[in-house]
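Asker: Protein sequences appear in the order of chains R and Z.
So the first sequence is numbered by the numbering used here: it starts at 335 and just counts up by one.
So the second sequence is numbered by the numbering used here: it starts at 335 and just counts up by one.
Please note that the accuracy of each hint is not assured.
It does not matter which identical chain is used: a pair holds within one copy or between any two.
[Claimed, not checked] Calculated cross-link-like contacts (lysine-lysine; reagent style DSS-like; alpha-carbon spacing at most 25 Å):
| hint | residue 1 | residue 2 |
| --- | --- | --- |
| 1 | 407 | 449 |
| 2 | 407 | 436 |
| 3 | 422 | 466 |
| 4 | 517 | 496 |
| 5 | 422 | 436 |
| 6 | 490 | 515 |
| 7 | 487 | 515 |
| 8 | 466 | 541 |
| 9 | 496 | 428 |
Rather than coming from a laboratory, the hints here were simulated on the basis of the structure.
Since the structure is predicted, the reported quantities are computational estimates derived from the model, not experimental observations.
Protein chains: 2
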Amino acid sequence: MEWVVKLGGSLFPEDAINLCKELVGQNVIVICGGGEFANKIREYDQDTNFSDTTAHKTAILCMDIIGMLVADKIDDVVSVYSLEYAKKVLDEGKLPILLPSKLLEYLDPLEHSWKVTSDSISVYISWLLKTKILIVTNVDGIYTFEPSLDGAKLIKSISAKKLLTFSETSVDENLPELLLKYKLDCYVVNGKYPERAISIIEGKSSKYTFIGGN
Amino acid sequence: MEWVVKLGGSLFPEDAINLCKELVGQNVIVICGGGEFANKIREYDQDTNFSDTTAHKTAILCMDIIGMLVADKIDDVVSVYSLEYAKKVLDEGKLPILLPSKLLEYLDPLEHSWKVTSDSISVYISWLLKTKILIVTNVDGIYTFEPSLDGAKLIKSISAKKLLTFSETSVDENLPELLLKYKLDCYVVNGKYPERAISIIEGKSSKYTFIGGN
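So here's chain R without its partners, still in its complex pose:
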């Protein structure tokens, strides 16, 4: 396995399904964000104030839900609970989507808080598997400031250490810290253009932000 591809929940359903179709045949494992399901837990949490652990665990179940729904729509995509089965699926020329709930129930390596989202979980899995990590989101990468604001510029390359000083980006707050801890690099790319993600995986030039954690 060469890459963990983390698919942002905001790309679900159309863009997520389209990108996964393109990823079949690549040496990658996909992990999906919890999308609107996890957002709903966050909303309820603001009013009802659940424990960090329950919010964390239920948000991870939302990643399972989106993974199952994406896998359902494509013949050669299989949802899996284990890394061992993921490898078997790849060997058959199919694309595995990891449903992370069971794995994380046993390993539980990350802080239970809203700062730790599916981005951090994917970095952790990528560290476990010794793969590269590609975060696919709904913007072109990391910007100098909010991409919706005038004059915001896409950053081609940034160190995780520098990213720690940014207040809000398209990746989760905990991510730069985790990249430094595990000494990992990471690419952030826009999932609305599947060809960009494929180019990165195939080692060609593309539009993205590279975050250096080494």
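Once you have looked at the hints, place chain Z on chain R.
Answerer: The following block gives chain Z in isolation, referenced to the frame of chain R:
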């Protein structure tokens, strides 16, 4: 165990949490509906058209999510995956909330369709456990027609056979058929008034609809 109490997802969070507080100490097991999480799957399904099995399984994960969130808010409520552990929790004077995903993955007794919701799942669990079944929803029971329409009257008692002829009610479409199959009776009550549910459980008079499946 004397009762399965099915808590409608529409009661989540406040009314569901309040009722569960009152149910601690009763000889019951709670099962939660999937609420807004399951509704979201249904919405996506209308556009994206997932397979019946994936829609069914992901909707059941939504029941787990709501069960975990409700249990999180009350000290003496414990979420459980197995009926055996549920009995242990009851023996300790606490209230078990069943997270049905794992049990249903192994048993898989019901049709995979949107006609089969958490109501039917709860009836099946009640049949497994040989308990009575109480469906707690956000209206007073079953009405002669849509409760929002003028002149709709609450039905005190109806046979499941008669209910088969109704087009839309506050319980799922598959429920009357299942009550007939398993020869079970069922009470439908409004969860916004916890005292009504408690009265039924304690064998006292209350406002509800009784559905006879025997």
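Asker: With reference to the structure, classify each hint as holding or not holding.
Answerer: Do the hints match the structure? See the list:
Proximity of residue 407 and residue 449 under a CA criterion of 25 Å is satisfied inter-copy only: 22 Å between copies versus 31 Å inside one chain copy. With identical chains, the CA atoms of residue 407 and residue 436 are at most 25 Å apart both within one copy (23 Å) and between copies (23 Å). Proximity of residue 422 to residue 466 under the C-alpha cut-off of 25 Å is restricted to the intra-copy arrangement: shortest distance 19 Å within a copy versus 45 Å between copies. In this homomeric assembly, residue 517 and residue 496 come within 25 Å of each other (Cα to Cα) only inside a single copy, at 14 Å, whereas the closest approach across copies is 67 Å.
Taking identical chains as interchangeable, the C-alpha atoms of residue 422 and residue 436 lie at most 25 Å apart whether they share a chain (18 Å) or sit on different chains (24 Å). In this homomeric assembly, residue 490 and residue 515 come within 25 Å of each other (Cα to Cα) only inside a single copy, at 22 Å, whereas the closest approach across copies is 64 Å. Proximity of residue 487 to residue 515 under the C-alpha cut-off of 25 Å is found in neither arrangement, the shortest distances being 27 Å within a copy and 64 Å between copies. In this assembly of identical chains, residue 466 and residue 541 lie within 25 Å of each other by CA distance solely inside one copy; the values are 17 Å within and 61 Å between copies.
For a Cα distance limit of 25 Å, the shortest separation of residue 496 from residue 428 qualifies neither inside one copy, at 38 Å, nor across copies, at 50 Å.
Comparing the model with each earlier hint shows violations of hints 7, 9; every other hint is respected.
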